Amino acid sequence: MEGITPEQLAAIQQQCIFCQIGAGKVASRKVYEDEHVIAVLDINPANPGHILVITKKHYFVMPQIPDEEVEHIGKISKQLSQVLLRTLKLEGTTIFIANGVAAGQKAQHFMMHIIPRKEGDEIGIQISQRQISDKDYDKIHKALLKGVEKSLGKISGLEKESEETEEMEERAEEAEIIKEKEEETKPKILVDKTKKRSKTDVFGAHQAKPSGKSKKKKKEDKDVSLDEIAKVLGA
Amino acid sequence: MNCEICEQIKNRKGLIYEDQDIAAMLAQKPTAVGHVYIVPKKHIPILEQVSDPIIGRMFAKANKISMSCFESIGVQGTNLLIQNGLPAGQHHNHCILHVIPRKEGDGLNLAWQPKQLTEEEMSTAEIQIKENTGQVGIFEKEKEKPAEIEKPEEIQEEEEDYRIKELERLP
Chain A
1107 MEGITPEQLA
1117 AIQQQCIFCQ
1127 IGAGKVASRK
1137 VYEDEHVIAV
1147 LDINPANPGH
1157 ILVITKKHYF
1167 VMPQIPDEEV
1177 EHIGKISKQL
1187 SQVLLRTLKL
1197 EGTTIFIANG
1207 VAAGQKAQHF
1217 MMHIIPRKEG
1227 DEIGIQISQR
1237 QISDKDYDKI
1247 HKALLKGVEK
1257 SLGKISGLEK
1267 ESEETEEMEE
1277 RAEEAEIIKE
1287 KEEETKPKIL
1297 VDKTKKRSKT
1307 DVFGAHQAKP
1317 SGKSKKKKKE
1327 DKDVSLDEIA
1337 KVLGA
Chain B
2 MNCEICEQIK
12 NRKGLIYEDQ
22 DIAAMLAQKP
32 TAVGHVYIVP
42 KKHIPILEQV
52 SDPIIGRMFA
62 KANKISMSCF
72 ESIGVQGTNL
82 LIQNGLPAGQ
92 HHNHCILHVI
102 PRKEGDGLNL
112 AWQPKQLTEE
122 EMSTAEIQIK
132 ENTGQVGIFE
142 KEKEKPAEIE
152 KPEEIQEEEE
162 DYRIKELERL
172 P
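So the sequence lines, in the order shown, correspond to chains A and B. Per my numbering, the first sequence starts with residue 1107, numbered consecutively. Per my numbering, the second sequence starts with residue 2, numbered consecutively.
These aren't lab readings, by the way, just hints derived from the structure by calculation. Computed from a predicted model, the values in this text were never measured in an experiment. Among the clues, some could well be false.
Unchecked claim - Pairs of lysine-lysine residues, derived as DSBU-like cross-links and limited to a Cα-Cα distance of at most 35 Å, are as follows:
#1 K116/B with K1212/A
#2 K1260/A with K42/B
#3 K42/B with K1163/A
#4 K104/B with K11/B
#5 K43/B with K1162/A
#6 K142/B with K14/B
#7 K1136/A with K11/B
#8 K1248/A with K14/B
#9 K14/B with K116/B
#10 K43/B with K1245/A
#11 K1245/A with K104/B
#12 K1163/A with K104/B
#13 K1163/A with K131/B
#14 K30/B with K1260/A
#15 K1162/A with K1131/A
#16 K1212/A with K11/B
#17 K1162/A with K42/B
#18 K14/B with K166/B
#19 K1136/A with K142/B
#20 K1245/A with K11/B
#21 K11/B with K42/B
#22 K42/B with K1195/A
#23 K11/B with K1248/A
#24 K30/B with K1252/A
#25 K1163/A with K1260/A
#26 K1224/A with K131/B
#27 K1163/A with K1224/A
#28 K30/B with K1212/A
#29 K11/B with K1163/A
#30 K1195/A with K30/B
#31 K42/B with K1248/A
#32 K1241/A with K104/B
#33 K116/B with K1162/A
#34 K14/B with K1252/A
#35 K14/B with K1224/A
#36 K1162/A with K166/B
Said to hold, decoys possible - Negatives, chain B to chain A, calculated, CB over 12 Å:
#37 N3
#38 C7
#39 E8
#40 K11
Idealized CB from N, CA, C, for every residue including glycine.
Produce the complete structure using the sequences and hints provided.
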């Protein structure tokens, strides 16, 4: 949430209905709550028992959420899905998150849907399986692999921990160059086109600091590998 | 065991990330350009069988990969999706967290039509669910528990077995 002053954040939170729900200032049908999230029934449910998991902190989109909190959200999604399966005698659940307007995000606050499913309920959310040429597949794989290596490290990085630290600096430099190149063409996460005031400010501020951002990336790299080391040692 | 996902993990096709427990790879039959599967490396058919630490990390990696999609393949949004069980449209006999890159006007429709429920229907659902969330938020530790402790859950497992069988019937 860099780029926002505490005053701005307070103003956003006051206007955000989901922050108000999280703070208990607006009535809701709450089914679960802990320090990070609150789970309420969606007032426009796809099916009875449709749960919304909302972060208590104000995040516009998922990429703003720190790793530990995302992990927590993941675990909660599984457990709430389990609760739905057992109590509503379901045969399935759909867990759904939208990041950005293009993905169908309507609110200015991160949320996760857990939707009860039954055979033949025909609520939608079906994904098709399309054919793709080998050439296109390889092209996308290459592009994505490069991006993911920047944020998560090289594949099988676990076995090459020492090499990684050396590579890390190289990668940070590389990232900076690519960042600069991409700066103009880089797409913005579109949150809302119609109401530009606060959001464009936030995302504008976000992108106006490429150097700060790539530094942060580098730090995240470190975090990831430290985690992995801890896991290897602990195992 | 004939699982397309296990097969793909083994031959490393389209792999973009891997650690001890998790793999992320490009879908071979994507619904959108850059569609990524994030999966447990072990053959685990349904979400409920994935351990808490692993599902947590699958989400964290999905979030990072989702960010990479914004930056490296120029998309404007992403959906994260788990289709848990046949009625939810689960295609594979392996639990998958989908990262689906999105662009304006891409023709995908992942929205749903809201239902109008009465106040009573809403409160019934609320009470039923609330009564059963007592154990939510208590997570398994990183290391696997010995099998004996799992015993009291035997009744539930029967239920799960039925669902696994359903999935195994998929081609």
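**Item:** Hinted pair K1162/A and K1131/A, Cα distance within 35 Å
**Value:** Distance ~12 Å between K1162/A and K1131/A Cα, so the pair holds.
**Prompt:** Is the hinted pair K1163/A and K131/B satisfied, with a Cα-Cα distance of at most 35 Å?
**Reply:** 23 Å, holds
**Prompt:** Under the criterion that the straight-line Cα-Cα distance not exceed 35 Å, is the pair K1245/A, K11/B satisfied?
**Reply:** 21 Å, holds
**Asked** Given the hinted pair K43/B and K1162/A, is their alpha-carbon gap at most 35 Å?
**Response** 33 Å, holds
**Item:** 35 Å limit on alpha-carbon distance, applied to hinted pair K14/B and K1224/A
**Value:** Within the cut-off at roughly 34 Å; holds.
**Given hint K30/B paired with K1195/A - CA-CA distance at most 35 Å** = With a Cα-Cα distance of about 32 Å, the restraint between K1195/A and K30/B holds, given a limit of 35 Å.
**Asked** Given the proposed pairing of K1163/A with K1260/A, does the C-alpha separation stay at or below 35 Å?
**Response** 32 Å, holds
**Message:** Check whether the Cα positions of K1248/A and K14/B lie no farther apart than 35 Å.
**Reply:** At roughly 12 Å apart (the allowed maximum being 35 Å), K14/B and K1248/A satisfy the hint.
**Asked** Holds or violated: K1224/A with K131/B, Cα cutoff 35 Å?
**Response** 20 Å, holds
**Given hint K1260/A paired with K30/B - CA-CA distance at most 35 Å** = Answer holds: K30/B to K1260/A is near 24 Å, not above 35 Å.
**Request:** Compare the distance between the alpha carbons of K14/B and K166/B with 35 Å, and conclude whether the hinted pair is satisfied.
**Result:** Holds - the C-alpha atoms of K166/B and K14/B are around 27 Å apart, at most 35 Å.
**Request:** Would you mind confirming whether the straight-line C-alpha gap from K1212/A to K11/B stays at or under 35 Å?
**Result:** Distance of about 39 Å is beyond 35 Å: violated.
Consistency with the previously given hints fails for numbers 7, 9, 16, 29, 36, ordered from lowest to highest.
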